[in-house]
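Peer 1: Using the sequences and the accompanying hints, generate a full structural model.
Number of protein chains: 2
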Amino acid sequence: MTLPESKDFSYLFSDETNARKPSPLKTCIHLFNDPNIIFLGGGLPLSDYFPWTQVTSKSPLPPFNKGIGAKLSDSETDTLTYTVERDSKAEDFDIPFSKSLQYGFTQGHPDLLNFLKEHTGLIHKMNYSDWDIILTTGNTNGWESTLRVFCNKGDVILAEAHSFSSSLASAEAQGITTFPIPIDEHGIIPEKLEEILDNWTPGAPKPKLLYTIPTGQNPTGTSLADERKVEIYRIACKHDFLIIEDEPYYFLQMGEYIADLDERKKVQDVPKPTHDQFLGSLAKTFLSVDTEGRVIRMDSFSKVLAPGSRLGWLTGSKKLLQPYISLHEMTVQAASGFTQSLVNGLLQRWGQDGYIDWLIGLRHEYTLKRDNAIDALYEYAPKHEAFKINPPIAGMFFTINIDASIHPEFETKFQSNPAMVEQYIYDKVVRSGVLVVPGAWFRTEGETNPPQPKESKQGGNANEIFFRGTYAAVSPEKLREGLKRLGDALHEEFQIAK
Amino acid sequence: MTLPESKDFSYLFSDETNARKPSPLKTCIHLFNDPNIIFLGGGLPLSDYFPWTQVTSKSPLPPFNKGIGAKLSDSETDTLTYTVERDSKAEDFDIPFSKSLQYGFTQGHPDLLNFLKEHTGLIHKMNYSDWDIILTTGNTNGWESTLRVFCNKGDVILAEAHSFSSSLASAEAQGITTFPIPIDEHGIIPEKLEEILDNWTPGAPKPKLLYTIPTGQNPTGTSLADERKVEIYRIACKHDFLIIEDEPYYFLQMGEYIADLDERKKVQDVPKPTHDQFLGSLAKTFLSVDTEGRVIRMDSFSKVLAPGSRLGWLTGSKKLLQPYISLHEMTVQAASGFTQSLVNGLLQRWGQDGYIDWLIGLRHEYTLKRDNAIDALYEYAPKHEAFKINPPIAGMFFTINIDASIHPEFETKFQSNPAMVEQYIYDKVVRSGVLVVPGAWFRTEGETNPPQPKESKQGGNANEIFFRGTYAAVSPEKLREGLKRLGDALHEEFQIAK
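Sequence order for the protein chains is A and B. Here the working numbering is used: the first sequence runs in plain steps of one and ends on residue 1434. Here the working numbering is used: the second sequence runs in plain steps of one and ends on residue 1434.
The hints are simulated quantities; they were obtained by calculation from the structure and are not laboratory data. Take the hints with a grain of salt, since some may be wrong.
As the list makes no split between identical chains, a pair holds if one copy fits it or if it spans any two.
Computed list of lysine-lysine pairs in DSS-like fashion (alpha-carbon distance at most 27 angstroms, straight line) [claimed, not checked]:
#1 Lys-1128 x Lys-1255
#2 Lys-1061 x Lys-1220
#3 Lys-994 x Lys-1025
#4 Lys-1035 x Lys-994
Quantities reported herein were computed from a predicted structural model and do not represent experimental measurements.
Peer 2: Encoded structure:
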């Protein structure tokens, strides 16, 4: 079956993208590898002067039967030792440092791109032909570039009513207004989204894009239901905006929390899934729904391999990715060559199957962490209807919602202002020796510029506040202790007996 | 002696900088290392899941007596083998991957910052107290960030009349006008700069900054004379603009080209300089002239260690660097952790002295390359007054100026248009099997918005064109062959007998 080509959305490009001229130096760079040309065109140092002739890494070896975090025995059963040379290749797929530490390849080194493109095709069944990927230095970079590529000062974008504060702040600094979309425990509510857009003030600038974190959303921990993605995509076509799916937590899909330990054990005792079972269990993606090429997906190694790798990739239509490449030539230039050589060396040796093994192992670890956290929350948090624990099915975050109005001093000390309760509890909890962060830090603001939706954007109790915690960063023991401190502080503050 | 503090130039910040709110998450990040706090605040994965437990590098060992590009014998005399661990430190100064591959440290890892700050203090005698450095992912990133930090759409900046095309294009895309400053063989002409600014149209936006590549300028290969730096700094204070010195080629200061081989041999036979001699021989820098904190210097490892390291640093007053950190939190986040651990591991083991040895070795290599290139140019280029060879004293580039009007078909085929000759020669030279790039690619444009300076910005023959070549990228033999092809093509095209 021949897939259709993507549509042309270049009319959504920013003034900056339209004003960006291709560097004339890039018009001759293809001659660098022409054997008939002696290239005196660019200031490329000889690789003889790169002071790393060989780098050898020790890494875990698939299928990671003892767990992805298990201590390596240094034996052939669990330890992979691989070497990247400066001047030669141990394997055909290696990127020697003479290449990776040289200029060039803003899109990414071909060998690494090939691996990631194959992986991407495996996960998302693409519905148009001219899709591609480019490397980023992580989703922070990918998002900031997205704003530069598409948005002008004064433009409007859409985002979940609570969203990642750094992403929101990046838009705000650029003078872009973010309009919050109501969410519930399954993410964006398509009906609300459509209503907002159907009733958009005529003549007001319409949103160019929707920024969403569909899986294990930050900060709410919610995951967008599959059928909602189809609906939201339909609305995107109807109202002509792009969808930017920011998916750092995509592979941390732990599934439903099972409170009953016997039931949970039954699920845990099921043997490790096959690769087909694992791939089949993953949530639908906007990318896989996209027929027109109006979705740009941001994947990152930050949560899957290591944040400091500063490596991720964008997937979308070639037409939409081209201006990112032109922008990146003038910003990041390329992801670090050390990173590219070492990540490529590892992934290629693991193979697509080994990488899936890794992702299965990662999901397993986070399932244990999530269960441990939610068990402890149910154990230690006040057992009172004003406290609502939200067990996530994906990602790194749990939330606890609190009806601030039940605070004994709500009307007096806090003047019936839930935000004041929130800040007060945050400070108290920190003094108790545990840090969870207030939901208010993630509120999507800027809704004053476009027309207001008629209903509250929270869609719920106006006195409800929430706190976000993570089970990613500490050991199970510390996590339990932290949540006990949290529970104790809440009991005390709200004067609820244990 | 107590040094004074820098002045406050925050009134030069861009709207974007002023609108950028600090991320609330950053207000609690200091609690991450507080032993009394269980930190459930951020989505930081456990380092147990970083799949690199140990990375071992082979590198050259100071003092590099056989040359910095010499093949390593794998013996203790010339080979340094060092290991960075994930979970421990071989040396106190090492940055284990558990730290470098984790989130955090947008400014850079403290150990690496310490080394670079010490190095920077050694090279530039700073005249104010509150200076600091921050890491970048190279000067491309540093420059783009500079534009974002200081400039709004419609602002004006100054640059050499020919400058690095990518830097100019970056400004242009952002809607910033670059005003070209006349240059000669010693760089920017201070008198011209002052005249332009003294006669600036009243009410027109005044330039916020001067972008300059003082050493081995790209594309002209010229180096800004020391005494001119003092003058230009005085003018910067008078007309209140910042100076951004982009110095990737700073350590490639080969000194004057000596055509006479006997004379040259005398210089070559002088023993390797002491470190004090080397440091004393380096050009004055704007940073070392700066008393107010109005200079930001961009250093890069691209030409000194390897371009693909994507690592550099900015030096300037803390007040001016702070908004870069806030911007980088939303763009690059941090330089790659692999890069930081490996570069730090190498530099710390080399020590400040070993690194100076490396820079001395690098300068030696480029001196040989430069001499080889200029020798060949004098040998092969037409010996005719219309062809002017410009031997550089620093950097990677040579230029050859040509009076296009002596072309036999200048008035007929080329309609007395030197630009047409330039393009034609470029194409012909490429067909002859060598690539040098036309000076026109680097012309600083955008001078139509502010008032025109009265004299030609080139200050010379309006029919003069030039080509830029580099001796960095190929072996000496290939370079000679390339320059022979260039010379042959020019002889033929201009119908000059050999």
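Peer 1: Compare the structure with each hint and give your call.
Peer 2: Against the structure, the hints come out as follows:
{"no.": "1", "hint": "Lys-1128 x Lys-1255", "verdict": "neither (31 angstroms within a copy, 45 angstroms between copies)"}
{"no.": "2", "hint": "Lys-1061 x Lys-1220", "verdict": "within (10 angstroms within a copy, 59 angstroms between copies)"}
{"no.": "3", "hint": "Lys-994 x Lys-1025", "verdict": "both (18 angstroms within a copy, 16 angstroms between copies)"}
{"no.": "4", "hint": "Lys-1035 x Lys-994", "verdict": "both (22 angstroms within a copy, 17 angstroms between copies)"}
This entry does not satisfy hint 1, going by the numbered hints stated previously; all others are met.
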